[in-house]
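Chains as they are written, first to last, in the numbering used here: chain A, 1 to 624; chain B, 1 to 715.
In silico DSS-like cross-links for lysine-lysine, where the CA-CA straight-line distance does not exceed 25 Å: (1) A:K330 - B:K248; (2) A:K321 - B:K242; (3) A:K576 - A:K604.
Source of the hints: derived by calculation from the structure; they are not laboratory data.
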Amino acid sequence: MADWDTSHLFVDDEDEQENDDYAVEGETSKDLIIFLVDVGRDMFLEFDEEDAGKSYFDVVIESIIEDLKARIISRDSDKVGICFYNSREKKNPLESDSVYILRDIEELSAGFIKEVSSMKDRFGNEIGSQRGVKSGSRESSLYNAIWVSQGMFSKTAAKNHGKRIFIFTNNDDPFEDVDPSLKADLKRTTIQRAKDANDLGISIELYALSRPGEEFNVNIFYKDIVQLDDEDTSQFMIRSKQRFNDLVQQMRKKIMKKRTIRKIMLTLPTGQSIGLKTFAMVRPARPGSGEWLDSSTNTPLKIERSFICSDTGSIMNESLKRFQEYNNKKIIFTIDEVAQVKNVTNVQLQLLGFKPISCLKDYHNLRPPTFLYPNDETISGSTCAFVALHRALLRFQKYAVAFHGRSTNPQLVALVAQEEVTVDGFQVHPPGMHMIYLPYADDIRPAEKFNVSSDVLPRATPEQIEKAMTLIKKMNIKDFTVEQISNPALQRHYAILQAVALDEEDLPESKDETLPDEEGMKRPQVVAAVKAFKDAVYGENHDTDEAEAAAQRAKGSMTAQKRKAAADVAALEADKYDWNELAESGKLKELTVPELKFFLNSKKLPLTGKKDVLISRILTSLGK
Amino acid sequence: MARNKETVVLLVDVGPTMHHYLKYVANATSSLVHRKILLSKSDELGLVLFGANETDNELNREIGGYENIVATPIMFVDEHLATILSKFPEGFAAGDFVDAIVVSMDMIIKKLGHSKKGNKRLYLITSADSPVKDPEEGGKFEQIDQIAKQLEDHGFKFDAVVVKAGQSDGLIPRTTLENYAILRKLVQHTHGELAIVESPTSLMGTLRPRTISPTTIYRGDLELGPTMAIKVWVYKKTSQEKFPTLKKYSDKAPRSDQHATREVKLDIEYKSNVNLDVVIPPEQRAKGYRYGQQLVPIGGAMEETLKFKTEKGLKLIGFTEFANIPRHFYMKETSVFVPEPGNEKSVSAMSALARGLDATHMVAIVRCIFRQGQANVVIGVLTPNLATEHHVVDSLYFNVIPFAEDVREFGFASFNNLPASKQPSKDQQNAVDNLVRMMDLAPPKGEEMLQPERTLNPVLQRFYGYLHSKSVDESAEVPALDDALQNIVDPDPELVSANRLALEYFHNQLPLTLTLQEGKGSRRFWRDKLPGAEADDAQPAEEIMQEGSYPIGQISFDSLTARKVEEVGGLHPVRDFEALMARQDSDEWVVKAISGMKTIINDLIDSAYKGNTYDKAMACLVALRKGCVIQEEPLEFNTFLRNLASKCRGRRLNDFWEQIITKGVTVISKNEAPDSDVTLEEAQTFISGDKGGQVLEVAPKEEVDEMEALLDEVV
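If we strip away everything but chain A, and leave its shape as in the complex, we get (with noise of 0.2 Å):
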């Protein structure tokens, strides 16, 4: 039971009280998303001159798709609707004019988007468009639609699922044909009801766009729609710009929640315990493993396993026993004793000391390190102790060795700090600590020293270090991350994924990330840079030295050689012989040994053995 810590099972409302006070926890696991898009008439002016053709309903329709694309992989659990506002057509609950509800709130599945992306072609019978509010209506479609939004939201959702409604719209001002004496009053209510979702915990975003030759202005209507202050109103359409983008170039990347492994104590060499929570935030990615399907029916199958006695055939239950072959014998071992063996240790994470940071070498590292942060829940004061002992590690240039003593395999740990990094209020790297999981001796091979030379080995001049230096400067990768590249294999998973599921007719390339930039390489001053670093290292006849070693390797070695010319000239000999004739009129016999290798090597035969053995080779040859 080790692995489970349930101390924290019977923790009292009030400290959970205090803990949400500074806890940044995750965000909440579910959203539920509805697109609520603009389908009045501006919304069918041509989006862009280069996109002839394309309108910006089509725009908007086909951005949402590649959302939904990227979705369906990277929150799976999200929960979407679609709704269309200033439609022809109604389709509601609340029958409420103008809005039509394309697809309700559900989860998301191939079948959703292909209807999204089919429905283009119906739209103008079923759904339609009309000019935005008419002049002599009361009613607001905007109105309407957050309204029918809210009652969509209340049909599914429940307490911890974030609730988000996108606006899609290129009309800046949706009552400029009301009637002056309605308009404001239609206003006022509209931004009434947006407050009111807000309220109700629903947050209201907008993607606005650009009419043709204008801006589009926020500050007319929107500003109170989505809740702005008026700082943010200068900055929101570039803004509005760049997420209309990322909803588009969203990668397909699964989203992990927030989740803690296991919450376990640092014991001290005081015999205190520092509580702690544990995270993931570095683990490889991989496609989901598959399920086995009958390709008849694509049910899923059931799998059974059975254990069967080798000796006997006989089925059996698992067997608690294990052996283990030692010196000619089968040592034979209960669960309990193998567990016994592996449990060194009751502390969960025992802190030995202190080192500094430059013992931990480059190759002290085994797998992906597990984050640490502290829990106050279970021992108070934990909090504290954690950020002083976290301070004083990076003041000191430290790092904590630790046991971790889990019970499959208990190691020797490094406990680095990490400092927190921001970088325009946006955490880069969070607060806390990262243990690294060391090696033991029996991990570590001396694989410098395997090909050791008993001469003195040459080593760089200080003139190819300085090329080196060069190269090096001229192939800087100046703001390289690790979230710059992506996987290539995931990624053609995900895409072909999504073709079979969508019946898409042609299968994506997707771009492999992890090649080289070519481009850049090509440039003159790297070129240059490769080019004297080679020579210097090199020698500047390295290419042609290079091909002339080439050269003469395809010709193959001095007995190589040999061996051909040998053949040649038992070709040429063979020549003179006619060997169907001899070996018809049974002559072969006559030959002699030397003779009869004349024909083996010419024919590439093996000349080993006996006359005999020669001859019946000639014969199998010949087809006799």
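With chain A fixed as given, assemble chain B onto it according to the hints.
Same frame as chain A, but now just chain B:
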């Protein structure tokens, strides 16, 4: 096997200065034999004790001299040898290690002939205190030169471990210094290693358990661009030595059967979900992958196209600053890139590159495909590893770094904005600073303690010992952890006592108290609600949740996690479930475990005949509840239980529902898991209120009784 066969002679100093260490040396050497028996049975080993009271060696018999040296002939590793090496007789003579080396060389040469071939090793363990005798002719160092040359000519490897008493401040005697010089020379000539160790822990760790035959994972070009490449070989630098995979044992065959394999085969059958009797043949099986909530079947040919195609090769992507790749992004075991052996151009190029990186504090980012058709590309970082010895090349360490998809962006509260109550005071910070400074494992003078290179895996070490003692005596108990290995697990007692004051100061400054013991925890909580219920204080909180009548804890948890369970099976659902929940290699397992468990429970009660499956279903339900509390997934359980209620209550399965009520299994409340959607009261009424509307008034009483019943069962 034969290729890696090794012939070793251990040279052990048993003279007076070694007495204190002999026990640890014996532990290390006998363990070496245990490991060899298990892993490389054809190795041979001989023993030469010097500084001994007696003299027993062939050179002494043949030509005289070589006194106080006792040789045990070279033999295959076996139990007998392990016994010999498990205890060394203390000697009182001065040990001349050079004499011992000559004796050992002679032993190996007599055994294997003069050829340079074969893995021949001499392993010297000494305190290097006793003087080396002057030779009869010529100078001491001339003699050493000769021996060094002979070792080299015969292809010997010579490693030496010098055991040094902990106090490093005293002056090192002249003799010892001279001995160091001699050893260094010998080691250099044979490319061996000289290790000076100060603790039993590193003494054991320094004795390399076995030589691993070097195998490259890649040989070929490292492309720096389209026009230049360096020929490299890539080796693993670290590779985790795993606990041996023990085979499952079957006792079905009769005891008397000498030839029984005793093995257990795992048989996997793929059956139709519709009809459990139908086995689906391989050609009718297809893989399905999840797309949203839907499984998309990807057939054989499609599966092939799903695969990403790779071409073997290493390509430089570019260089970047060392600081751009934080250490915690290293993902896997480390490899090392060395220049192609014997290729001077590569050696120079690699050396220039490594030294260039070192001088500029930069690293190289490379794209690697080590094998043709490898499933995926690997992106990694090359960092310089500059050689300190003349005969070793400059090389580069390679560590795998994550892809964008592998990095999770979780936010955590900044330490700077903590409330004052959580901020360390000046005194507290002082106390912690003090501790960090004092508990120093790498003092400027002396040996770095717990250096990974010199620290053995205590679990493996213990296993090898146990394996051996079991082979001698079947009923042997699991041995205690060796003293020398205890320092890996617990703080070094000497270090602790030396820093008693710093530790006390820390203890006084930083109150770290278990909130449970302060009465804030579960015990008080339950007792408050349960007048009269006397809870046993010694009882751990977790057991309250554990149904005593169900044998959940029969099998130790450790063994379960060792076994990689991948789904909740019908045979041992509880066990599988717990193992799955405990798996930490992926978050998926928790989800999988919970959904698997739900299916099983439903299956069980659906298939019940006169309630014959109820006990098992109940055990599953209890386990599921517990798991959901621990993993903070209360909603998963609550929704399930509500569905179960509507499924059973007042219907065919009402009897099962009644059992649930009797057991007091209710929804998870906020008190247990903060994410829950019900309060404690709601949770209590959930089952009590179930008695029907008409008995609502008596509900509170009922409820208490049920709680008591629950406790009674456990206590």
